[in-house]
Amino acid sequence: MKKLWSILLLSVAPVAPAQEPETPIKVDVDVVNVLCTVYDKRGALVQDLAKDDFEIRENGQRQEIRYFARDTDLPLTVALLVDVSGSVARFIADEKEATSRFLETVLRPTDHALLLGFSSTLILWQDFTSSTESLRAALAKLRSVPFRGLPGPNQPMPSTMLYDGVAATAARKLAGVSGRKTMVIISDGLDNGSQTHLEEAIKAVQSTNTIVYGICYESGFSGCSFLKDMAEPTGGRMFQAGKKTPLEKIFETIERELRSQYSLGYASTNRAHDGSFRKLELRVKRRGLRVQVRRGYYAIKERQE
Numbered sequence: 003m004k005k006l007w008s009i010l011l012l013s014v015a016p017v018a019p020a021q022e023p024e025t026p027i028k029v030d031v032d033v034v035n036v037l038c039t040v041y042d043k044r045g046a047l048v049q050d051l052a053k054d055d056f057e058i059r060e061n062g063q064r065q066e067i068r069y070f071a072r073d074t075d076l077p078l079t080v081a082l083l084v085d086v087s088g089s090v091a092r093f094i095a096d097e098k099e100a101t102s103r104f105l106e107t108v109l110r111p112t113d114h115a116l117l118l119g120f121s122s123t124l125i126l127w128q129d130f131t132s133s134t135e136s137l138r139a140a141l142a143k144l145r146s147v148p149f150r151g152l153p154g155p156n157q158p159m160p161s162t163m164l165y166d167g168v169a170a171t172a173a174r175k176l177a178g179v180s181g182r183k184t185m186v187i188i189s190d191g192l193d194n195g196s197q198t199h200l201e202e203a204i205k206a207v208q209s210t211n212t213i214v215y216g217i218c219y220e221s222g223f224s225g226c227s228f229l230k231d232m233a234e235p236t237g238g239r240m241f242q243a244g245k246k247t248p249l250e251k252i253f254e255t256i257e258r259e260l261r262s263q264y265s266l267g268y269a270s271t272n273r274a275h276d277g278s279f280r281k282l283e284l285r286v287k288r289r290g291l292r293v294q295v296r297r298g299y300y301a302i303k304e305r306q307e
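Sequence positions in the sequence shown follow my numbering and run 3 to 307.
Hints were generated in silico from the structure; no laboratory data involved. Keep in mind it's a predicted model, so treat the numbers as computed, not measured. Even for Gly, the Cβ is constructed at its ideal location relative to N, Cα and C. Among the hints, erroneous ones may be present.
Claimed, not checked - Pairs of lysine-lysine residues, derived as BS3-like cross-links and limited to a Cα-Cα distance of at most 25 Å, are as follows:
(1) Lys281 with Lys205
(2) Lys205 with Lys53
(3) Lys53 with Lys287
(4) Lys246 with Lys53
(5) Lys251 with Lys230
(6) Lys251 with Lys143
(7) Lys251 with Lys98
(8) Lys245 with Lys230
(9) Lys281 with Lys303
(10) Lys205 with Lys230
(11) Lys281 with Lys98
(12) Lys205 with Lys303
(13) Lys98 with Lys43
(14) Lys205 with Lys43
(15) Lys43 with Lys53
(16) Lys53 with Lys303
(17) Lys230 with Lys98
(18) Lys245 with Lys98
(19) Lys43 with Lys303
(20) Lys205 with Lys246
(21) Lys230 with Lys246
Claimed, not checked - The following label-pair restraints were derived from C-beta to C-beta distances:
(22) Glu220 with Asp42: 26 to 36 Å
(23) Arg92 with Lys43: 16 to 26 Å
(24) Lys53 with Arg145: 46 to 56 Å
(25) Ile302 with Glu66: 17 to 27 Å
(26) Thr107 with Gly45: 20 to 30 Å
(27) Asp42 with Tyr300: 23 to 33 Å
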């Protein structure tokens, strides 16, 4: 896998006022945490299930659910990634107020969020904070960012580094953070400037147990399917923004899902720390229900001394 160490988030100067970033709580690596939402046949969220209503399997082997919670006591970490390239510049003004209202509604005092812009570079507009005022101020400064520099000989013209932004945020900001983690990506899905491939970006978010929601603007490029491919394996989904589905309604749906999650935890019967991908299957015993959950996870890999 190609590395992004030349585009480290930690080296990007924030546009927001300089301050010490707040650090979410770190994770217990021995527990596999699985977040899910459950829907009935009508598409309504189901919020009255108990631990015994669920059965979870890892690579086909049934696991003992040791920890169970409905939604809400777990802290939430939100990484908001906004496309600020020229192809979606006309949508940025509309995004600011709707995004600000979403963050003010969904974040509680124990929650944290950051704001990253991506075009031909990555800009950390606001590092992790629980202050909705700081996030609103950062959103107010959000603007289209032109290309920076010219490509070298025989190199393609840089454009939107969506996959680089996803992978770098997962690796440098979300890895090791406990609780519920969500990445909301607002973009047209176009990427033709990243070092990272789509599959690598998906692995990065899966490795950090992050749920991805993609919000896609049609801009003349057929990139929405890439956001869908990135979101669904993580237990999230993709929404197409438009007149029939305005951004405010999409954020309301995401908020309801985030506040209606179940959290299940188990210690895997496979104790190997080999970095392998483990397929997850989560079943609800009550009939007629649909589970939205990530498809698997990557085991912790022991470092070689």
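We went through each hint and held it up to the structure:
1. Lys281 with Lys205: Holds, at roughly 13 Å.
2. Lys205 with Lys53: violated, 28 Å
3. Lys53 with Lys287: Holds: lysine 53 and lysine 287 sit about 11 Å apart, inside 25 Å.
4. Lys246 with Lys53: violated, 37 Å
5. Lys251 with Lys230: holds, 18 Å
6. Lys251 with Lys143: Given that 25 Å is the threshold and the Cα spacing comes to 24 Å, the pair holds.
7. Lys251 with Lys98: holds, 14 Å
8. Lys245 with Lys230: holds, 20 Å
9. Lys281 with Lys303: holds, 16 Å
10. Lys205 with Lys230: Holds: lysine 205 and lysine 230 sit about 14 Å apart, inside 25 Å.
11. Lys281 with Lys98: Not satisfied, since the Cα-Cα distance of roughly 38 Å exceeds 25 Å.
12. Lys205 with Lys303: Roughly 14 Å between the alpha carbons, so the hint for lysine 205 and lysine 303 holds.
13. Lys98 with Lys43: violated, 34 Å
14. Lys205 with Lys43: Given pair lysine 205, lysine 43 is violated - Cα atoms ~31 Å apart, limit 25 Å.
15. Lys43 with Lys53: Answer holds: lysine 43 to lysine 53 is near 21 Å, not above 25 Å.
16. Lys53 with Lys303: Violated, at roughly 29 Å.
17. Lys230 with Lys98: holds, 23 Å
18. Lys245 with Lys98: holds, 17 Å
19. Lys43 with Lys303: violated, 40 Å
20. Lys205 with Lys246: This hinted pair is violated, its Cα atoms lying about 32 Å apart.
21. Lys230 with Lys246: Cα-Cα ~19 Å, so holds.
22. Glu220 with Asp42: 26 to 36 Å: holds, 31 Å
23. Arg92 with Lys43: 16 to 26 Å: About 39 Å separates the Cβ atoms of arginine 92 and lysine 43, which means 16 to 26 Å is violated.
24. Lys53 with Arg145: 46 to 56 Å: At 47 Å between Cβs, range holds.
25. Ile302 with Glu66: 17 to 27 Å: For glutamate 66 against isoleucine 302, whose Cβ atoms are near 19 Å apart, the range 17 to 27 Å holds.
26. Thr107 with Gly45: 20 to 30 Å: The hinted range 20 to 30 Å holds for threonine 107 and glycine 45, with Cβ atoms some 21 Å apart.
27. Asp42 with Tyr300: 23 to 33 Å: Holds, at about 32 Å.
Of the numbered hints given earlier, the model fails hints 2, 4, 11, 13, 14, 16, 19, 20, 23; all others are met.
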